[in-house]
Amino acid sequence: MTVQTLADILAGTCLISGALLSLAAGVGLLRFPDLLSRMHAATKPQVLGLLLILAGTALRLPNVVDITTLVLVGAFQLVTAPVAAHMIGRAVYRAGQVRRDLLVVDELADDRAGGPGSGT
Amino acid sequence: MIVVGVIVSALLFAAVALVLVRIVRGPTTLDRIVAVDVLLAIVVCAIAAEAAYTRDATSLTLLVVLSILGFIGSVSVARFSPRSRR
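Respectively, the protein sequence lines represent chains A and B.
Take the first sequence: its letter number 60 is residue 60 in the numbering used here, and every next letter is one higher.
Take the second sequence: its letter number 20 is residue 1020 in the numbering used here, and every next letter is one higher.
Simulated from the structure, these hints should not be mistaken for lab results.
As the structure is a computational prediction, the values presented were derived from the model and not from experiment.
We put the beta carbon where it would ideally sit given N, CA and C, even for glycine.
Heads up, some of the hints might be wrong.
[Stated by the list, open to error] What the simulated footprint calls covered on chain A by chain B, stretch by stretch (three residues with Cβ under 8 Å from a Cβ of chain B suffice, anywhere in the stretch; the number is not a length):
| no. | stretch |
| --- | --- |
| 1 | 25 to 38 |
| 2 | 48 to 61 |
| 3 | 64 to 77 |
| 4 | 83 to 95 |
Based on the sequences and whatever the hints tell you, model everything.
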């Protein structure tokens, strides 16, 4: 077994795992009852699935320029995904679209009820 | 590698179909923007898998543009979504 074959097998495993995570996100988006839990499912292909597929692509394209582009994409996704999720979660909570019967603990409710800085 | 290509494309196709169902059915705008974000991530996955399958690095620059686009889109929609009026 040559190094090329081994790299191809590893790349195939990474690609299939990433695609499986994408499918899991699709199922989760369809089945979960709440927007916050749907956001939990939505992060699967955004971070781990994408990184697995980028790793598989890097194994198939062993070239410095291509690997630099792939690392750039992965790093950018890692930086921006939490920011976007934070913004969406904040908008969801402020719009009151959270199902309270599904929450275990709601620490923001005390801040909303009273306190001087709650009016923003 | 052909088997891997078929499996990966089938899985991504099923995922896109499920996400599209959520985009159509989603009761609120925020549901839809979460689903659109996932759709964009799956499209990025599909383009990267295509590049890996054909060993062709032409479409890799698209991935950078798509990730920037997804971030800007979801943040702006979340930023300007209407507040609650209660």
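Verification of the supplied hints:
1. A count of 7 residues in the stretch 25 to 38 of chain A with a Cβ less than 8 Å from any Cβ of chain B is obtained; the coverage claim is therefore met, three being the minimum.
2. Closer than 8 Å: that is the beta-carbon criterion, and the stretch 48 to 61 of chain A has 9 residues meeting it against chain B, so the requirement of 3 holds.
3. As drawn, the stretch 64 to 77 of chain A meets chain B at 8 residues by the rule of a beta-carbon pair under 8 Å; at three or more, the given contact holds.
4. For the stretch 83 to 95 of chain A, the stated coverage by chain B holds: 9 residues have a C-beta nearer than 8 Å to a C-beta of that chain, and at least 3 were required.
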